[in-house]
Amino acid sequence: MLVIKDLHAKIDDKEILRGINLEVKPGEVHAIMGPNGSGKSTLSSVLAGNEKFEVSDGHVTFNDKDLLALAPEDRAREGLFLSFQYPVEIPGVSMVNFMRTAVNEHRKYRDEEPHTASEFLKLMREKKKLVEIDSNLTNRSVNEGFSGGEKKKNEIFQMAMLEPKLAILDETDSGLDIDALRVVANGVNKLKSENTSTIVITHYQRLLDHIVPDFVHVLYKGRIVKSAGKELALELEEKGYDWIKKEFED
Amino acid sequence: MNKTCRIINLQEEYSQLFKENISLLENGAPEQMNVLRAAAFDSFISKGIPSNKVEEYKYTNLQPYFKGTFDVAFSSDGAINNNSEKFHCGVPNLDTYNVFMINGWFAQQDELSTLPKGVIIGSIRDKAKEHPEIFEKYYNTNAPVDSDAMVAMNTAFAQDGAFVYIPKGVVVDKPIQLVNIMTGENDRLIFQRNLVIVEENAQVKMMLCDHTISPQKFVINNLTEVFANENSIFDAYNVQNQHNLTTQVSGMFVHQKKHSNILTNNLTLHSGVTRNNIRVTMDDERCESHVYGLYLSDKNQHVDNFTFIDHAKPNCESFELFKGVMDDSASGAFTGRVLVRPDAQQTNAYQSNNNLLLTENAKINSKPQLEIYADDVKCSHGATVGQLDDEAMFYLRARGINENEGRILLMFAFAYEVIEKIRVEPLKENIRSLVEKRFRGEFDKCDSCVVCGQQGSSVSCL
Ligand SMILES: Nc1ncnc2c1ncn2[C@@H]1O[C@H](COP(=O)(O)OP(=O)(O)OP(=O)(O)O)[C@@H](O)[C@H]1O
Ligand SMILES: [Mg+2]
Numbered sequence: 247m248l249v250i251k252d253l254h255a256k257i258d259d260k261e262i263l264r265g266i267n268l269e270v271k272p273g274e275v276h277a278i279m280g281p282n283g284s285g286k287s288t289l290s291s292v293l294a295g296n297e298k299f300e301v302s303d304g305h306v307t308f309n310d311k312d313l314l315a316l317a318p319e320d321r322a323r324e325g326l327f328l329s330f331q332y333p334v335e336i337p338g339v340s341m342v343n344f345m346r347t348a349v350n351e352h353r354k355y356r357d358e359e360p361h362t363a364s365e366f367l368k369l370m371r372e373k374k375k376l377v378e379i380d381s382n383l384t385n386r387s388v389n390e391g392f393s394g395g396e397k398k399k400n401e402i403f404q405m406a407m408l409e410p411k412l413a414i415l416d417e418t419d420s421g422l423d424i425d426a427l428r429v430v431a432n433g434v435n436k437l438k439s440e441n442t443s444t445i446v447i448t449h450y451q452r453l454l455d456h457i458v459p460d461f462v463h464v465l466y467k468g469r470i471v472k473s474a475g476k477e478l479a480l481e482l483e484e485k486g487y488d489w490i491k492k493e494f495e496d
Numbered sequence: 104m105n106k107t108c109r110i111i112n113l114q115e116e117y118s119q120l121f122k123e124n125i126s127l128l129e130n131g132a133p134e135q136m137n138v139l140r141a142a143a144f145d146s147f148i149s150k151g152i153p154s155n156k157v158e159e160y161k162y163t164n165l166q167p168y169f170k171g172t173f174d175v176a177f178s179s180d181g182a183i184n185n186n187s188e189k190f191h192c193g194v195p196n197l198d199t200y201n202v203f204m205i206n207g208w209f210a211q212q213d214e215l216s217t218l219p220k221g222v223i224i225g226s227i228r229d230k231a232k233e234h235p236e237i238f239e240k241y242y243n244t245n246a247p248v249d250s251d252a253m254v255a256m257n258t259a260f261a262q263d264g265a266f267v268y269i270p271k272g273v274v275v276d277k278p279i280q281l282v283n284i285m286t287g288e289n290d291r292l293i294f295q296r297n298l299v300i301v302e303e304n305a306q307v308k309m310m311l312c313d314h315t316i317s318p319q320k321f322v323i324n325n326l327t328e329v330f331a332n333e334n335s336i337f338d339a340y341n342v343q344n345q346h347n348l349t350t351q352v353s354g355m356f357v358h359q360k361k362h363s364n365i366l367t368n369n370l371t372l373h374s375g376v377t378r379n380n381i382r383v384t385m386d387d388e389r390c391e392s393h394v395y396g397l398y399l400s401d402k403n404q405h406v407d408n409f410t411f412i413d414h415a416k417p418n419c420e421s422f423e424l425f426k427g428v429m430d431d432s433a434s435g436a437f438t439g440r441v442l443v444r445p446d447a448q449q450t451n452a453y454q455s456n457n458n459l460l461l462t463e464n465a466k467i468n469s470k471p472q473l474e475i476y477a478d479d480v481k482c483s484h485g486a487t488v489g490q491l492d493d494e495a496m497f498y499l500r501a502r503g504i505n506e507n508e509g510r511i512l513l514m515f516a517f518a519y520e521v522i523e524k525i526r527v528e529p530l531k532e533n534i535r536s537l538v539e540k541r542f543r544g545e546f547d548k549c550d551s552c553v554v555c556g557q558q559g560s561s562v563s564c565l
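Same order as they appear, the protein sequences are chains U and W.
The opening position of the first sequence corresponds to residue 247 in the numbering used here, with each subsequent residue numbered one higher.
The opening position of the second sequence corresponds to residue 104 in the numbering used here, with each subsequent residue numbered one higher.
Worth flagging that the hints you see were computed from the coordinates, not collected in a lab.
Bear in mind that the values here come from a model prediction, so they are computed numbers and not experimental data.
A couple of the hints might just be wrong.
[What the hints assert, rightly or not] The calculated lysine-lysine pairs, modelled on DSSO-like cross-linking and capped at a C-alpha distance of 30 Å, are:
#, chain 1, residue 1, chain 2, residue 2
1, U, K256, U, K436
2, W, K271, W, K470
3, U, K397, W, K220
4, U, K368, W, K156
5, W, K156, W, K540
6, U, K354, W, K540
7, W, K156, W, K470
8, U, K374, U, K472
9, U, K438, U, K492
10, U, K438, U, K260
11, U, K436, U, K492
12, W, K466, U, K298
13, W, K220, W, K240
14, U, K368, W, K240
15, U, K271, U, K438
[As the list claims (entries may be wrong)] Label-pair distances were calculated between CB atoms; the ranges are:
#, chain 1, residue 1, chain 2, residue 2, range
16, U, E297, W, T244, 55 to 63 Å
17, U, E297, W, N289, 51 to 59 Å
18, U, G391, W, I223, 46 to 54 Å
19, W, E463, U, K260, 40 to 48 Å
20, U, E297, W, D431, 20 to 28 Å
21, U, P360, W, P529, 20 to 28 Å
22, U, K311, W, N464, 31 to 39 Å
23, W, S154, U, D303, 25 to 33 Å
24, U, K311, W, E463, 49 to 57 Å
25, W, G544, U, E261, 36 to 44 Å
26, W, N403, U, T307, 44 to 52 Å
27, W, K531, U, G475, 54 to 62 Å
28, U, K311, W, K481, 55 to 63 Å
Every residue gets a Cβ at the ideal spot worked out from N, C-alpha and C, and that includes glycine.
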C-alpha cells in the first residue's frame with residue numbers, strides 16, 4: 247500500500263525528516279510514537295502533500311503510484327486521508343457544503359455521477375450515526391467554535407464519508423474524553439477492512455487498547471529508531487523514551 | 104431632448120453646459136429644485152470635479168472619467184428615446200414593487216394599488232409638484248452641497264429620479280425596487296436624484312439597481328437622500344452591476360430621528376470605477392445604523408467606499424462592515440470617518456474593513472478616521488488586508504477539493520458575513536448565488552441584470 251524510502255524533508259533549510267523508511271501493507275495497523283517535536287506531524291503533512299515542507303530526498307509510492315508527484319487533492323482522491331492533529335477552523339464554509347464538494351470530487355475522480363441531494367443527505371445521516379456526531383455540528387461552519395474533542399470527532403466523520411484506503415490519524419485521541427475515545431476508536435475499527443490500512447500517531451497506550459497495532463515504531467529526530475510489535479507501546483508507556491534516546495545516541 | 108457635449112477642460116465645458124441649457128434644466132422641474140441650482144452650480148464650479156488632490160477623493164481621481172463626448176438628456180424623451188422595451192424585473196421568489204428609470208429618468212412603475220394607502224411613489228418631478236409641502240421640507244436639506252463637488256453637481260444638473268414617501272405608521276411589506284437602466288447609442292452622462300421619506304413608525308426596504316445594458320461609456324452621478332423619522336425602519340440595498348466602462352458616483356445620505364433603525368448595503372458585484380459616498384447623520388437620540396458593503400473587483404476595476412457616520416446625539420449605535428475581494432489589478436479604497444460630537448455620550452460605534460487580495464497587483468487603501476469629542480463612548484475599528492489562508496486551503500485540498508474549488512469556497516466564506524446582513528430573505532438567497540457565480544466566473548453582468556435578469560447586450564462584456 248505505502249512504501250516510504252529514505253524520505254528527507256525540510257522547512258526553512260531545517261531538516262526535520264532525516265531518512266524515513268516504512269512499509270505499510272493492506273490491512274495493517276501501524277502505530278508511530280515518539281517524543282514531541284520528533285517529526286511525526288511533519289511526516290503526515292508531507293505524505294498528505296503540504297507544500298510548506300520541501301522534500302529534499304527519498305521516494306514514496308502509494309498503491310504503486312509516485313505519491314510525491316501528486317497534488318494534495320489527488321492524493322486524497324487516491325485514498326489517502328489525514329486526520330489532522332490541529333484541524334483548522336474555516337468560518338463561512340458550511341460542513342454540508344464542504345463535505346458535498348469533497349465527496350463529489352472523489353466521485354468525479356472515479357468517473358461516477360455526483361450524488362443527488364437526497365443520496366448525499368442519506369450518506370451524511372448514516373455516517374453521522376457511525377461516529378455518533380451531533381447533528382448540530384454538521385450544521386455549522388467547518389470546525390468553527392468546535393471544542394477540541396468535537397474537532398477530532400469531526401475528522402473521523404470526514405474519514406467515514408470519504409472511505410479512504412489509508413488513514414493517518416495524527417493524535418486523534420488527544421483531547422477526547424473516555425466515551426469519545428471509544429466512539430472514535432469504534433468508528434475507525436468499523437471502517438477497517440483487510441484492504442485498508444491505518445497509521446496511528448499517538449502518545450498513549452489507551453487508544454492502542456482499542457485500535458490494536460500490528461507494528462509500533464518510534465520516531466526520534468526525524469528517523470525511525472525502533473520498530474517492534476504492540477508490546478513496545480506498553481514498554482514505552484512504562485519506561486518513557488529516555489532509554490531509546492540513549493540507545494540512539496550511543 | 105439630448106445635447107451632445109464635449110468635455111476637455113472640465114469646468115469650462117461643464118460651466119457652458121449649465122449656462123447654455125439652464126432653461127431646459129428648469130423646464131418642467133419643481134420650483135425648489137430650480138431655486139437651488141444656481142448656488143449648487145457655483146459650489147460645483149468653484150471646486151471642480153475632484154482630483155486626488157482633494158483629501159476626500161485622495162484614492163479616486165475622478166477627473167479623467169468625467170472627460171469625453173457625452174450625450175446628456177434634458178428631457179424624458181431624450182433619455183428614453185426609441186426605447187420601447189418592456190421591462191420584466193423580479194428577484195425569484197420575491198415580490199417587489201418596481202420602478203423603472205432609463206438613464207436616470209422615470210420611465211414606468213407598477214400599479215400603485217398593490218401598496219398600502221397613502222404611499223407616494225413616482226417621478227420626483229411630478230410628485231414634487233403634487234406634494235410641494237413634503238418636497239420643500241426635505242429636498243436637499245441633507246446633502247452636503249457646500250463641501251462635496253459631486254453633490255453640488257448633482258443638485259445643479261439633476262432633473263428626475265424617484266420620489267418615495269411612506270406615511271406615518273405604514274409598513275410596506277414588499278421591497279421597493281428602483282431599477283435604473285443605462286442604455287444608448289452614444290456615450291452618456293447621467294444624473295439621477297432620489298428622495299425617500301419614511302415617516303414616524305413607518306417601515307420600508309428598498310433595492311437600488313443601476314445597470315448598463317449597452318456597451319457605451321456611461322458616467323453617472325446619482326444621489327439618494329433619505330429621511331428616517333422617529334421610530335422608522337429603513338433598508339437600502341444598492342446592487343451595482345455595470346460593465347467596465349462605467350463610472351458611477353453614488354451618494355446615499357441618510358438622516359435619522361429618534362429610535363430609527365437604518366441599514367445600507369452597497370453590493371458592488373461588477374463595475375468600472377465606483378465611488379460610493381455614504382453618510383449617515385444620527386441627529387437624535389437612540390438611533391441605530393448599519394452600514395455595510397461588499398465589493399468584488401477584478402481586472403482594472405476600482406471601488407472606493409467613502410463613509411461618514413455622524414454621531415450627533417447621545418445614545419446611538421452604529422455598526423459598519425465593509426469587505427472586499429480584489430483580483431487581478433483591481434484597486435480599491437475604504438474610508439470610514441466616524442464623528443462623535445461633544446454631547447454624543449454613550450455612543451457605540453463599531454467599524455471594520457477586511458480585504459482579501461488575490462494577487463500582488465491588487466491594491467487597497469483602508470483608512471479609519473475616528474474623531475471622538477465625547478468621553479463616555481465605545482468605539483472600535485479594525486482594518487485587515489490578507490490573502491487566502493494557506494492552512495485552510497491545504498485542509499480543503501487534503502479532502503480532495505481542487506485548488507480552484509477551494510478558492511471559491513474560501514472567497515465565499517470571506518464574503519458571506521456581509522451577505523448575511525441582508526434583512527430580506529429571498530434577496531439574501533439571490534445575492535448568495537450571484538456572489539458564488541461571480542467567484543466561479545460564471546456570472547456575466549452583460550448577460551443580465553443581477554437582480555432582475557434584464558437582458559443586456561453581450562458586446563458590453565469588456
Ligand atoms: N512551520 C514550521 N516552521 C519551523 N519549524 C517547524 C514547522 N513545523 C514544524 N516545525 C518543527 O519541526 C519539528 C517536528 O515537528 P512535528 O510537528 O512534526 O513534531 P511532532 O512529532 O508531531 O510533535 P508532537 O508530538 O508535539 O505533535 C519541530 O521541531 C517543530 O518545531
Ligand atoms: Mg504532532
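Evaluation of the provided hints:
1. U:K256 / U:K436: violated (36 Å)
2. W:K271 / W:K470: This hinted pair is violated, its Cα atoms lying about 39 Å apart.
3. U:K397 / W:K220: Given that 30 Å is the threshold and the Cα spacing comes to 55 Å, the pair is violated.
4. U:K368 / W:K156: violated (62 Å)
5. W:K156 / W:K540: Given pair K156 (chain W), K540 (chain W) is violated - Cα atoms ~38 Å apart, limit 30 Å.
6. U:K354 / W:K540: holds (21 Å)
7. W:K156 / W:K470: Judged against 30 Å, a Cα distance of about 16 Å means the pair holds.
8. U:K374 / U:K472: violated (38 Å)
9. U:K438 / U:K492: violated (36 Å)
10. U:K438 / U:K260: violated (36 Å)
11. U:K436 / U:K492: Roughly 39 Å separates the two Cα atoms, so the pair is violated.
12. W:K466 / U:K298: holds (26 Å)
13. W:K220 / W:K240: Holds, at about 22 Å.
14. U:K368 / W:K240: Given pair K368 (chain U), K240 (chain W) is violated - Cα atoms ~62 Å apart, limit 30 Å.
15. U:K271 / U:K438: holds (13 Å)
16. U:E297 / W:T244: 55 to 63 Å: Given about 59 Å between the Cβ atoms, the range holds.
17. U:E297 / W:N289: 51 to 59 Å: holds (52 Å)
18. U:G391 / W:I223: 46 to 54 Å: holds (48 Å)
19. W:E463 / U:K260: 40 to 48 Å: Because 27 Å falls outside the window, the suggested range is violated.
20. U:E297 / W:D431: 20 to 28 Å: Because 24 Å falls inside the window, the suggested range holds.
21. U:P360 / W:P529: 20 to 28 Å: Because 26 Å falls inside the window, the suggested range holds.
22. U:K311 / W:N464: 31 to 39 Å: Holds, since K311 (chain U) and N464 (chain W) (Cβ atoms, about 37 Å apart) stay within the stated range.
23. W:S154 / U:D303: 25 to 33 Å: At 59 Å between Cβs, range violated.
24. U:K311 / W:E463: 49 to 57 Å: About 35 Å separates the Cβ atoms of K311 (chain U) and E463 (chain W), which means 49 to 57 Å is violated.
25. W:G544 / U:E261: 36 to 44 Å: holds (41 Å)
26. W:N403 / U:T307: 44 to 52 Å: holds (47 Å)
27. W:K531 / U:G475: 54 to 62 Å: For K531 (chain W) and G475 (chain U) the Cβ distance comes to about 59 Å; the hint holds.
28. U:K311 / W:K481: 55 to 63 Å: holds (58 Å)
Hints 1, 2, 3, 4, 5, 8, 9, 10, 11, 14, 19, 23, 24, counting from the list given before, are not met by this structure.
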